[in-house]
Amino acid sequence: MQIDVQTVNIEQKNQTFSHLKKRFGDKKIPSRYQEASYDLQAEENLHYRPTWAPEQELYDPNLSKIRMNDWYDLKDPRQFYYSTYTLNRAKQQETMESNFKTVESLNLIEGMPDPVLAVAQDLLIPLRHANYAANMNNTLVCGYGYGTVFTQPCVYHAMDNLGIAQYLSRLGLMIGDVESLEAAKQDWMDSDAWQPLRRSLEDLMCVRDPVEVFIKQNFVLDGLLYPLVYQRIVDQNLVEQGGSGISILTQFMTNWYLESKRWVDSVIKTMASESAENKAVLEEWIDSAANHFTSVLLPVAGLAVAGNQADELVSEAHDELLQRAKKAGLFK
Amino acid sequence: MDIKKTPKKLNVKEKYRLMTRDLAWEPSYRDEKEIYPYVDYEGIKVHDWSKWEDPFRLTMDAYWKYQAEKERKYYAIIDAHAQNNGHLNVTDARYLTAIKLFLQSISPGEYASHRGFARVGREFAGVGPQVACQMQSIDEIRHAQTQVHAMSNYNKFYNGFKDFANQRDRIWYTSVARSFFDDAMSAGPFEFLIAIGFSFEYVLTNLLFVPFMSGAAYNGDMATCTFGFSAQSDEARHMTLGLECIKFMLEQDPDNIPIVQKWIDKWFWRGCRLLTLVAAMMDYMLPKRVMSWREAWNIYGVENGNALFRDLARYGIKPPMHWDDVEKSIDHTSHQIMLGLYQWKFGTAFHSWTPTASDIEWLKEKYPTTFEKYYLPRWEYAIAQKENGGEYNNFGLPKLCQTCQLPCLFTEPDDPTQLAHRETEYEGEKYHFCSDGCQHVFEQEPEKYVQAWLPMPSMMQEPLKGDLAAWMEWASLEPTASGEYANSEDKANFEKWRKQVSTD
Numbered sequence: 001m002q003i004d005v006q007t008v009n010i011e012q013k014n015q016t017f018s019h020l021k022k023r024f025g026d027k028k029i030p031s032r033y034q035e036a037s038y039d040l041q042a043e044e045n046l047h048y049r050p051t052w053a054p055e056q057e058l059y060d061p062n063l064s065k066i067r068m069n070d071w072y073d074l075k076d077p078r079q080f081y082y083s084t085y086t087l088n089r090a091k092q093q094e095t096m097e098s099n100f101k102t103v104e105s106l107n108l109i110e111g112m113p114d115p116v117l118a119v120a121q122d123l124l125i126p127l128r129h130a131n132y133a134a135n136m137n138n139t140l141v142c143g144y145g146y147g148t149v150f151t152q153p154c155v156y157h158a159m160d161n162l163g164i165a166q167y168l169s170r171l172g173l174m175i176g177d178v179e180s181l182e183a184a185k186q187d188w189m190d191s192d193a194w195q196p197l198r199r200s201l202e203d204l205m206c207v208r209d210p211v212e213v214f215i216k217q218n219f220v221l222d223g224l225l226y227p228l229v230y231q232r233i234v235d236q237n238l239v240e241q242g243g244s245g246i247s248i249l250t251q252f253m254t255n256w257y258l259e260s261k262r263w264v265d266s267v268i269k270t271m272a273s274e275s276a277e278n279k280a281v282l283e284e285w286i287d288s289a290a291n292h293f294t295s296v297l298l299p300v301a302g303l304a305v306a307g308n309q310a311d312e313l314v315s316e317a318h319d320e321l322l323q324r325a326k327k328a329g330l331f332k
Numbered sequence: 001m002d003i004k005k006t007p008k009k010l011n012v013k014e015k016y017r018l019m020t021r022d023l024a025w026e027p028s029y030r031d032e033k034e035i036y037p038y039v040d041y042e043g044i045k046v047h048d049w050s051k052w053e054d055p056f057r058l059t060m061d062a063y064w065k066y067q068a069e070k071e072r073k074y075y076a077i078i079d080a081h082a083q084n085n086g087h088l089n090v091t092d093a094r095y096l097t098a099i100k101l102f103l104q105s106i107s108p109g110e111y112a113s114h115r116g117f118a119r120v121g122r123e124f125a126g127v128g129p130q131v132a133c134q135m136q137s138i139d140e141i142r143h144a145q146t147q148v149h150a151m152s153n154y155n156k157f158y159n160g161f162k163d164f165a166n167q168r169d170r171i172w173y174t175s176v177a178r179s180f181f182d183d184a185m186s187a188g189p190f191e192f193l194i195a196i197g198f199s200f201e202y203v204l205t206n207l208l209f210v211p212f213m214s215g216a217a218y219n220g221d222m223a224t225c226t227f228g229f230s231a232q233s234d235e236a237r238h239m240t241l242g243l244e245c246i247k248f249m250l251e252q253d254p255d256n257i258p259i260v261q262k263w264i265d266k267w268f269w270r271g272c273r274l275l276t277l278v279a280a281m282m283d284y285m286l287p288k289r290v291m292s293w294r295e296a297w298n299i300y301g302v303e304n305g306n307a308l309f310r311d312l313a314r315y316g317i318k319p320p321m322h323w324d325d326v327e328k329s330i331d332h333t334s335h336q337i338m339l340g341l342y343q344w345k346f347g348t349a350f351h352s353w354t355p356t357a358s359d360i361e362w363l364k365e366k367y368p369t370t371f372e373k374y375y376l377p378r379w380e381y382a383i384a385q386k387e388n389g390g391e392y393n394n395f396g397l398p399k400l401c402q403t404c405q406l407p408c409l410f411t412e413p414d415d416p417t418q419l420a421h422r423e424t425e426y427e428g429e430k431y432h433f434c435s436d437g438c439q440h441v442f443e444q445e446p447e448k449y450v451q452a453w454l455p456m457p458s459m460m461q462e463p464l465k466g467d468l469a470a471w472m473e474w475a476s477l478e479p480t481a482s483g484e485y486a487n488s489e490d491k492a493n494f495e496k497w498r499k500q501v502s503t504d
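Residue numbers (full-length UniProt numbering), protein chains in the order written: chain U, 1 to 332; chain X, 1 to 504.
Derived from the structure by calculation, the hints contain no laboratory data.
The model shown is predicted, which means the values in this text are computed figures rather than measured ones.
Mixed in with the good hints there might be a few duds.
Calculated lysine-lysine pairs in the DSS-like style (CA-CA distance at most 27 Å, straight line) [to be verified]: (1) X:399 <-> U:21; (2) X:465 <-> U:13; (3) U:13 <-> X:65; (4) U:261 <-> X:65; (5) X:499 <-> U:22; (6) X:345 <-> U:28; (7) X:70 <-> U:185; (8) X:65 <-> U:101; (9) U:327 <-> U:269; (10) X:399 <-> X:499; (11) U:269 <-> U:279.
Isolated chain X (complex conformation):
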């Protein structure tokens, strides 16, 4: 070899190949199957890992440099936010319900993604996807941590934040997000990538992040919206990874197509069920609204989804199986979920409320075919109870769907007056579902979904044995964090503090 040769100019692609791809070697002392034991069992065939196209080309030195810059800015802003009592800049304290729900449900999901991507970043037998997944793993822990840090200041002043770690594992509605991420992590490495990398990050992430972050901006929450902007360039990388992984699988072998299709069907439905909580947030929890869930769905669901599935059609991939059911549900789900949360508000670590007169006008306008006809009467019933000095609560426990773990409160796709309810018998036991989509997911892998931890039945078992008060304590459900917003300490404190700092 000729040492001291003048180096050639390498192009970026070639240089990146040398810096990553070229580091691995073909093992000869041990069988590849021993090093990568989980890469085959899902049935995905990969003939040539080197065909993986790196979705982005970031060496570690550049990664450290860019990310550190973003971190510096982010913490400068949230420090200032904390020092200046930035929490008093939010529209009003109703807004906090949205970010409580986020911290209890979504931040633990970011953490789960971190661990999941570390696992697949080890299990794939090609260095291209290994490195891309490892980078996403380290990004995801960033997101979990920046979110906790942003919420930390709110926790100092308001109820409903402090027990998020315990509540992640024990509350009934956090189980919706938990079961979603547990489902992905307990799947094989390829399904995990379709679940989180493709379905969640590529197809659905805009429906989560755009509403949340613009909701934060609209409602004066600098901490959360700064997090959103700071995470944006990470998300862009994750989206290109998601798209690359699906193309890679589809191009490697035609036998992969039906497997991938099955996963797309499953994870699209799972994701949409999870996003019904975001729908309720957008239509009901933001004092200043960004857009309706219907409008968001039209842009980020329909337009983007159509373009994507047109593109994937050349591989023989069809739009997700229950797409039409989702479309039919869009004008209904936010109202159904919010009515549910409101009637079970004694068991939520956030406040809810009945819509105000101006809320009702907005909802009528955004949902002209459904709100007034189906949901306004129920809200009016709840409002009337309040006016008569009562409160609308449902102390019966909801029946939870075995798959998505939401209460079975959705209606038939073609009949909004009829509650949807499905049952499947498996090994002598009956299982309940909120929809055809969830029943279908269960029936593909019943041996998996029978294991689901369902919070409601667990309340009836040892050691709680139906003791509601003991259950609430066990789940860190404190009365100050629950119930009607109008009567809450959060509202009273926020208004008092705002008055202290305001001058007319």
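One chain only, chain U, in its complex shape:
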């Protein structure tokens, strides 16, 4: 018997799964992002309460002060599910790999002025520890947040932060071998400039409201840190001083920030538009954390630029952050 299955035209019974039909109708075939994301988490008839916290449900929207009628409203505009996420990152890592090769083959590090290298060492390498904290914080949001469209990008974000910590480690190994990493850790643990940030991250790692962690880490801290460190200090100051090689090796971070802030902003906008109560909670978190982290990052910026300029750069980043918050519907 021969089978020629390609030629036959068969009428379909179902366009899509019922839970997607309920959400989106069945006029359009759902995207793979929708199939991979909506309603995957168990909703009902959860069997047992957590033995670690019997007052909680196994998946518990009440772990957060933020309330959503439907947590699946918090979709990711990048439409990342595992496949699109890994394909994107694989492309970016290919670029980074060739960037590392370029910097190496042209001896860009050796040719760099000492003050530039000193800034890279003092400012960038200790940040790998901050990325580790961001990795842990996003893992928490993924674990305890509610609804797959909200939690799924957080595991990707956690792994991205690990990836960034590893790129920074490679940069350290390039500029000063293992001693670079050792010195940076010493700074992270003891030097005055880093203590406020380390303390704040230890504090944040004690917070258990998944949305609060999400806001303070991904919106506030990263929203100050990336524009300040990567967009201004590295891509402007260091490049002007002959540090293009550093900028090439932090390209991933610059692009990653621009890409992921679209997602973070969209989540905040959706939460804020849900209710006045949500808006008030978000404003309170963002206002206090933005002021706090701005002061925390001042001594960090001071590692790269003189006092006045540090003030200026940090307050620019702060303004930029508040602009983003306004665009998301807050502080109006």
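Once you've looked at the hints, dock chain X against the given chain U.
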């Protein structure tokens, strides 16, 4: 510090240490107990987290690169499968029952593992296990998603796929897998790792994946078997993680040994009960069979298990408590489960059927001491009813085991003519069990298992109050997806379409 020093060549282990272990620091502004509040309460003692041996050394750049390659290949194949009506290449539409059951029960388990591993990847106080667990977390969401995508095309043409999300939470038999994963997730971080990382991934995963994926390959299901191959290297990583975690716990403190032993006893039994559904799949649902459940058990259960527990004996770990009961049940469970599914087929979102003459010959050969003696007569009774224009159904509702949530349909380990039934009274209520193993699990933590959501009693309560039709609607149990295969739309359509595309 000497900047611009020529870098030394680091070996892989040292480099990986710098890229992961070295990222964490000892907190000094906050107490570790505030950051890791759940790491102590199970009683596992860890003296030195740095003794954790990384089971694999994969930095994120390498992870992205390898995984993206696999993803590209996987989606190319399932796209082609969909475009070319690959569903018509399966042996016949009976095969679909196996993958419906998989999508309804196992894919939600993959998702639960994803969330569970994210939690333990945050709760462990050592960066080695944190990173390893996070990587498993992201792998597990991959598996859930690739499975949904593979099944999506089948859903377009056949019944029984479309309501898997609702059915995950509401159908009686999906509750078997749900309660298993809920049980693991509601346990502490160390027990979760023993449950999923060790017992499920290391001891039992071959019994799930090898049969399913080779079953898919044998029966022409390219989509599912491609998923299986694509997941294989992830699974290899998960298995090494499972083994490392148990060794780590056992080596950290001798007081951990009895706790770990208790968990191994529990999760081995829980896992074996869950796998009885796979047993039925292997012996009854595959039109072309790979091997019998007995044969699979001999290879992946007995041989691998013996080697593993010989290895763990040096730590003072004994083989799981109810190992002998499992061994005694192997020649029986698939028949008992399938007879159960068949008699309650009005309440399953997949079809079942009575074995054909050639099925019966195969079953006789594979189960020479049990099939003909105990189970063939029951099948013959059902076949005779069909021949007389009737249908063998049991509209009585099964009594479910409080622990594993399967119907109490198993027999005594030493007497296959006697239904096993155990009872325990706890705080004035009576609880029912299918076996000593499940009763034992309950009695270790009754305060946990009394909370179990049991689908049958819930049907008798508000708002359904025993209304069978309302219950079926609530659980998305549509008649077209249920019942006897011979009368099904799936069968009729598959045969019609196959005829359209076939030329003699």
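Tested hints:
1. X:399 <-> U:21: 34 Å, violated
2. X:465 <-> U:13: 33 Å, violated
3. U:13 <-> X:65: Violated, at about 38 Å.
4. U:261 <-> X:65: 24 Å, holds
5. X:499 <-> U:22: Violated, because 34 Å separates the two Cα atoms, which is more than 27 Å.
6. X:345 <-> U:28: 33 Å, violated
7. X:70 <-> U:185: 36 Å, violated
8. X:65 <-> U:101: 17 Å, holds
9. U:327 <-> U:269: 8 Å, holds
10. X:399 <-> X:499: It is violated: about 43 Å lies between the C-alpha atoms, which goes past 27 Å.
11. U:269 <-> U:279: Judged against 27 Å, a Cα distance of about 9 Å means the pair holds.
The structure fails to meet hints 1, 2, 3, 5, 6, 7, 10 from the earlier list, while all remaining hints are met.
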